[in-house]
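Participant: Okay, here's what each chain looks like letter by letter:
There are 2 protein chains.
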Amino acid sequence: MSTYTRILLAADFGENYRYVARRAVDLATRYGAELSLIHVVENIPTGDAGYGPIVPFEIDLTEQLVEAAEKRMTELGEELQVPVERVRVEVGSPKHEIIRVAEENAVDLIVVGSHGRHGIGLLLGSTASSVLHHAKCDVLAVRLKDE
Amino acid sequence: MSTYTRILLAADFGENYRYVARRAVDLATRYGAELSLIHVVENIPTGDAGYGPIVPFEIDLTEQLVEAAEKRMTELGEELQVPVERVRVEVGSPKHEIIRVAEENAVDLIVVGSHGRHGIGLLLGSTASSVLHHAKCDVLAVRLKDE
Numbered sequence: 001m002s003t004y005t006r007i008l009l010a011a012d013f014g015e016n017y018r019y020v021a022r023r024a025v026d027l028a029t030r031y032g033a034e035l036s037l038i039h040v041v042e043n044i045p046t047g048d049a050g051y052g053p054i055v056p057f058e059i060d061l062t063e064q065l066v067e068a069a070e071k072r073m074t075e076l077g078e079e080l081q082v083p084v085e086r087v088r089v090e091v092g093s094p095k096h097e098i099i100r101v102a103e104e105n106a107v108d109l110i111v112v113g114s115h116g117r118h119g120i121g122l123l124l125g126s127t128a129s130s131v132l133h134h135a136k137c138d139v140l141a142v143r144l145k146d147e
Numbered sequence: 001m002s003t004y005t006r007i008l009l010a011a012d013f014g015e016n017y018r019y020v021a022r023r024a025v026d027l028a029t030r031y032g033a034e035l036s037l038i039h040v041v042e043n044i045p046t047g048d049a050g051y052g053p054i055v056p057f058e059i060d061l062t063e064q065l066v067e068a069a070e071k072r073m074t075e076l077g078e079e080l081q082v083p084v085e086r087v088r089v090e091v092g093s094p095k096h097e098i099i100r101v102a103e104e105n106a107v108d109l110i111v112v113g114s115h116g117r118h119g120i121g122l123l124l125g126s127t128a129s130s131v132l133h134h135a136k137c138d139v140l141a142v143r144l145k146d147e
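Here the protein sequences line up with chains A and B, keeping their order.
In terms of our numbering, the first sequence opens at residue 1 and continues consecutively.
In terms of our numbering, the second sequence opens at residue 1 and continues consecutively.
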């Protein structure tokens with residue numbers, strides 16, 4: 001059977017993102033796979049819904065979020081020794097962007113943190129779950145332990 | 001970080017179950033983990049819903065399914081060199097039984113085949129998705145390639 005050769009870590013910056021990151025690094029090491037990182041800045045629902053824009057100056061806000069995310073992802077990349085060209089910040093729907101980048105880069109395993117389905121998670125679903133439903137490659141959901 | 005020490009393969013007998021099985025064996029080898037197998041025979045909805053039993057002789061039918069499953073699981077266990085005491089057939093809801101057995105045996109990774117969400121899968125959801133939502137450990141969804 002083929003081994004994993006390209007692993008994509010979908011990083012958020014929740015409390016335990018380093019735990020998920022270490023799991024991805026551990027897998028990449030054991031498989032001799034190339035590790036890439038992605039973080040997706042979610043689109044902020046703005047624009048005119050008939051009663052004026054919900055958030056004014058939305059472009060600046062998104063830009064600020066992207067800048068902050070790029071700073072943290074650069075740090076995470078250095079910490080995990082992932083070269084800068086394999087560290088990406090995208091803007092959009094996490095599910096869509098993770099899957100798009102995975103497909104474009106022939107990723108064979110996506111590693112994503114998984115929160116329990118309770119509270120607001122039950123209502124919103126989770127990135128792990130969405131990615132699982134739509135990815136064309138394997139998905140490792142790393143259960144976060146603090147819940 | 002802790003490595004995986006107990007891996008549970010949730011086996012179905014779909015077209016590509018051997019592909020998922022090989023992935024589980026490969027992971028168990030790389031992590032030096034103990035591999036267990038489970039197959040769940042789904043409860044057949046029987047009983048009197050007010051207009052008589054849907055399936056007569058339901059006990060025999062379940063027994064026959066369990067016997068057939070035990071035969072195949074014994075063969076799979078031999079093929080994967082998993083000792084017989086770590087090969088189980090349970091009856092009930094796949095999600096519940098997989099999660100119950102995982103918790104009772106302190107499993108830290110469940111490996112399950114993942115079908116695309118289309119056709120009837122879209123309607124019914126999938127075992128992979130249900131397990132992901134409720135497991136207290138990591139879940140690897142192995143994407144089946146023939147879809």
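Derived by calculation from the structure, the hints in this document are not laboratory data.
Keep in mind that this is a model prediction, so the values were computed, not measured.
The C-beta atom is built at its ideal place from N, Cα and C for all residues, glycine as well.
Possibly wrong hints are sitting among the right ones.
[Claimed, not checked] Okay, the calculated bits of chain B under chain A, using three or more residues with CB under 8 Å as the criterion:
1. 94-106
2. 131-143
[As the list claims (entries may be wrong)] Mimicking DSSO-like on lysine-lysine, the simulated pairs with C-alpha atoms at most 27 Å apart in a straight line are:
3. A:71 x B:136
4. A:136 x B:71
5. A:145 x B:145
6. B:145 x B:71
Participant: Next, verify each hint and record whether it holds.
Facilitator: Evaluation of the provided hints:
1. 94-106: violated (count 0)
2. 131-143: Holds, because 12 residues of the stretch 131-143 of chain B bring their Cβ atoms closer than 8 Å to Cβ atoms of chain A.
3. A:71 x B:136: Since the Cα atoms of residue 71 of chain A and residue 136 of chain B sit roughly 32 Å apart, the hinted pair is violated (cutoff 27 Å).
4. A:136 x B:71: With a Cα-Cα distance of about 32 Å, the restraint between residue 136 of chain A and residue 71 of chain B is violated, given a limit of 27 Å.
5. A:145 x B:145: Given pair residue 145 of chain A, residue 145 of chain B is violated - Cα atoms ~31 Å apart, limit 27 Å.
6. B:145 x B:71: Answer holds: residue 145 of chain B to residue 71 of chain B is near 26 Å, not above 27 Å.
In summary, the numbered hints that this structure violates are 1, 3, 4, 5.
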